[in-house]
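Top line first, the protein sequences correspond to chains A and B. In this text, residue positions in the first sequence follow the numbering used here: the first is 1, and each later residue adds one. In this text, residue positions in the second sequence follow the numbering used here: the first is 348, and each later residue adds one.
Just to be clear, a hint being listed does not mean it is correct.
[To be verified] List of simulated lysine to any residue pairs, SDA-like, C-alpha gap at most 25 Å:
{"#": "1", "chain 1": "B", "residue 1": "Lys413", "chain 2": "A", "residue 2": "Gly197"}
{"#": "2", "chain 1": "A", "residue 1": "Lys118", "chain 2": "A", "residue 2": "Asn317"}
{"#": "3", "chain 1": "A", "residue 1": "Lys78", "chain 2": "B", "residue 2": "Met386"}
{"#": "4", "chain 1": "A", "residue 1": "Lys78", "chain 2": "B", "residue 2": "Ala600"}
{"#": "5", "chain 1": "A", "residue 1": "Lys170", "chain 2": "B", "residue 2": "Leu496"}
{"#": "6", "chain 1": "A", "residue 1": "Lys78", "chain 2": "B", "residue 2": "Tyr402"}
{"#": "7", "chain 1": "A", "residue 1": "Lys170", "chain 2": "B", "residue 2": "Lys413"}
{"#": "8", "chain 1": "A", "residue 1": "Lys78", "chain 2": "A", "residue 2": "Asn101"}
{"#": "9", "chain 1": "A", "residue 1": "Lys243", "chain 2": "A", "residue 2": "Ser256"}
{"#": "10", "chain 1": "B", "residue 1": "Lys413", "chain 2": "A", "residue 2": "Lys243"}
{"#": "11", "chain 1": "A", "residue 1": "Lys248", "chain 2": "B", "residue 2": "Tyr402"}
{"#": "12", "chain 1": "A", "residue 1": "Lys170", "chain 2": "B", "residue 2": "Asn404"}
{"#": "13", "chain 1": "A", "residue 1": "Lys78", "chain 2": "B", "residue 2": "Glu409"}
{"#": "14", "chain 1": "A", "residue 1": "Lys243", "chain 2": "A", "residue 2": "Thr152"}
{"#": "15", "chain 1": "B", "residue 1": "Lys413", "chain 2": "A", "residue 2": "Leu346"}
{"#": "16", "chain 1": "A", "residue 1": "Lys243", "chain 2": "A", "residue 2": "Asp305"}
{"#": "17", "chain 1": "A", "residue 1": "Lys243", "chain 2": "A", "residue 2": "Ser144"}
{"#": "18", "chain 1": "A", "residue 1": "Lys170", "chain 2": "B", "residue 2": "Leu464"}
{"#": "19", "chain 1": "A", "residue 1": "Lys170", "chain 2": "B", "residue 2": "Leu550"}
{"#": "20", "chain 1": "A", "residue 1": "Lys170", "chain 2": "A", "residue 2": "Ser46"}
{"#": "21", "chain 1": "A", "residue 1": "Lys170", "chain 2": "B", "residue 2": "Lys525"}
{"#": "22", "chain 1": "A", "residue 1": "Lys160", "chain 2": "B", "residue 2": "Val443"}
{"#": "23", "chain 1": "B", "residue 1": "Lys525", "chain 2": "B", "residue 2": "Leu496"}
{"#": "24", "chain 1": "A", "residue 1": "Lys160", "chain 2": "B", "residue 2": "Asn582"}
{"#": "25", "chain 1": "A", "residue 1": "Lys160", "chain 2": "B", "residue 2": "Pro581"}
{"#": "26", "chain 1": "A", "residue 1": "Lys78", "chain 2": "B", "residue 2": "Gly478"}
[Claimed, not checked] If you want the footprint, here are the derived chain A segments under chain B, 3+ residues with CB under 8 Å:
{"#": "27", "region": "72 to 82"}
{"#": "28", "region": "176 to 188"}
The set of hints was computed from the structure by calculation and includes no laboratory data. Think of the CB as a built atom: it goes at the ideal place given N, C-alpha and C, for glycine as much as any other residue.
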Amino acid sequence: MVTRRTRHAMRVGSLMTTMLLVTTACGLLDKSGGGNALTVVSYGGSYQRAQATAMFAPYEQLHPGLTIFQDSPSANAKLRVMVENGNPTWDVVLLANDFGNDAQAQWLEPIDYSVIDKNALLPGYAGEYRVGADVEGTVLTVRSDRGAMPSTLAEFFDTKGFPGKRALNKFAAGGILEAALLADGVGKDQLYPLDVGRALRKLDTIRDSIVWWDTAAQSQQLIASGEAAMGLLWVGRATEAAKSAPVKLNWESWISQDAYWMVPKGSPNKEAAMKLIQFMTSDQPQKQFSLLTGYGPVNKEAAADPEVRTNPNIPSNHIATRVTMNDAWWAANLDQVQGEFQAWLLQ
Amino acid sequence: MALAVETRPPLRSTGFRPGRFFLLAIPAAFLIVFFVSPMVLVALRSGEPGWVASYANILTSEVYLKVLANSFRTALITTVLTVLIGYPYAYATARVTGTLRILLLALVLMPFWSSLLARTFSWLALLQDTGLINQTLIGMGLIDRPLPLVRTQVGVIIAMVHIMLPYFVLPLFAVMVKIDRSLMSAAESLGASAFRRFYRVFLPLSLPGVAAGASLVFILTLGFYITPAILGDPNQAMIGEVIATDLETIGFARASALGIVLLAVTLILFAVFAAARSAYVARSRA
């Protein structure tokens with residue numbers, strides 16, 4: 001039976017719930033504000049834990065009273081929405097090289113190079129809207145227990161001489177088109193503008209041997225379990241797989257796939273954000289992060305550090321054989337090329 | 348079905364009760380803020396490059412049409428298999444009592460307790476060429492080369508049926524336990540065989556549960572993203588994968604338009620389904 005009194009109690013109860021919801025919502029909104037807190041967003045997982053150890057924690061120690069909030073994973077779609085709604089709750093964001101080019105200027109604050117030391121960075125990592133976070137890449141990764149190992153990209157595309165499944169990233173701008181063209185004999189300085197048709201024809205020749213991966217965890221699983229005999233993997237995942245399985249990394253030619261720090265346009269804490277980026281790209285945090293993860297430092301001094309130099313699988317030790325992705329070309333052509341790639345996949 | 352409608356207790360009062368509306372205001376406000384308004388925003392964004400251009404682009408693209416067709420086909424196959432496996436399971440669960448019923452419900456609920464990604468990777472570990480199933484079969488000498496269980500539609504459907512079973516079994520179970528057993532006894536006393544009792548009495552009474560569960564499974568399957576991406580063949584890509592890639596790389600307008608097309612096609616299908624259902628009900632009453 002619903003009496004008058006219980007109905008009244010319900011009404012009061014729901015009113016209180018509403019008030020509670022409203023006040024919590026306000027509390028959530030307040031998180032980004034204030035000069036004593038920064039929200040940093042990265043890829044998450046062990047990668048971000050290493051950044052916390054090497055970068056966020058020491059920075060908090062140097063600046064008592066400042067708190068770094070972490071969020072993950074970063075996503076450029078989310079960043080765009082925040083900026084478009086005029087309420088970015090992220091202050092410093094790490095994203096891959098397909099974002100942060102001049103074409104995406106409308107969502108980003110220009111980097112303040114009076115705060116960040118451009119000369120301390122390796123060439124190419126001081127962008128108008130982004131600063132390199134580390135040197136990463138897609139590298140030829142091969143099982144060493146399957147007989148002859150391909151040592152070049154051309155051999156990677158030779159399924160007769162080197163049989164077995166190939167793990168490749170199912171993403172047009174993930175380096176596979178570049179790899180196909182290099183295997184087909186295009187020089188690394190003549191890649192752009194990409195001849196997409198030619199690249200897809202080359203991929204056709206190994207089509208039945210391709211195992212696609214969509215997530216980095218999947219790529220590691222494919223190689224570590226032996227499901228794929230070889231693959232083009234992100235360095236971090238390849239070195240992880242090599243810890244538990246007979247897996248070798250080949251640095252003969254590898255394709256850049258870097259991560260960059262950026263500041264969303266309209267961030268209320270952009271000065272503090274620039275200072276944090278300066279710290280994160282300075283030599284000590286860079287060196288420590290590199291030794292923790294196996295990714296290369298973007299800081300010149302850290303990259304030249306003997307401890308970093310002696311690790312054969314740190315990408316910054318192989319700059320000479322690196323094939324650099326033309327991010328500006330990709331920013332201008334991604335829509336078109338992705339359509340062609342998707343159509344090719346569906347054939 | 349007519350019986351089910353008539354046995355519902357009459358409403359106590361149909362008069363205006365302000366309290367009831369006030370209580371409804373909270374869920375209504377929640378739906379408006381978190382469901383209706385994002386939907387409207389998505390619809391608005393889909394027209395950013397121009398309404399005609401945006402939708403003509405999708406509806407004339409072979410790629411998108413093929414992906415849409417793939418999605419509906421995969422969702423249909425998954426739904427049919429889920430119904431075929433889930434119906435006997437729900438029936439058994441509704442027939443037994445006590446510990447056995449709790450055990451059966453726990454088994455079907457178990458997948459809910461682990462993440463979708465973890466389950467998908469577990470299926471990968473079982474189904475891949477170097478996985479448990481293929482290695483066991485090869486070890487036993489039953490097959491020479493691995494069965495194509497992953498990177499094919501087979502793998503996607505196996506995993507999706509497993510993931511979807513609780514969504515089908517639970518609503519159906521809820522309907523089945525409410526079916527009045529004395530109706531079955533009545534049918535028996537009138538001389539109906541076991542098959543006839545099931546086919547003419549139990550099955551029609553359980554159909555609302557089948558419809559509820561199957562529509563839930565169909566809709567959820569249509570939007571699947573990570574499972575087909577990991578276990579499937581890119582040649583059979585589903586719309587969720589394409590929307591996700593477009594959202595991250597090309598931008599909101601295209602992804603939103605794709606979402607709206609998916610929603611529209613689904614609503615049309617359900618309208619057809621509902622019309623067919625009411626035609627069937629009208630005919631069986633006549």
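Looking at the structure, which of the earlier hints fail to hold?
Violated hints (numbers, rising): 10, 11, 13, 19, 21, 22, 23, 26, 28; every other hint is consistent with the structure.
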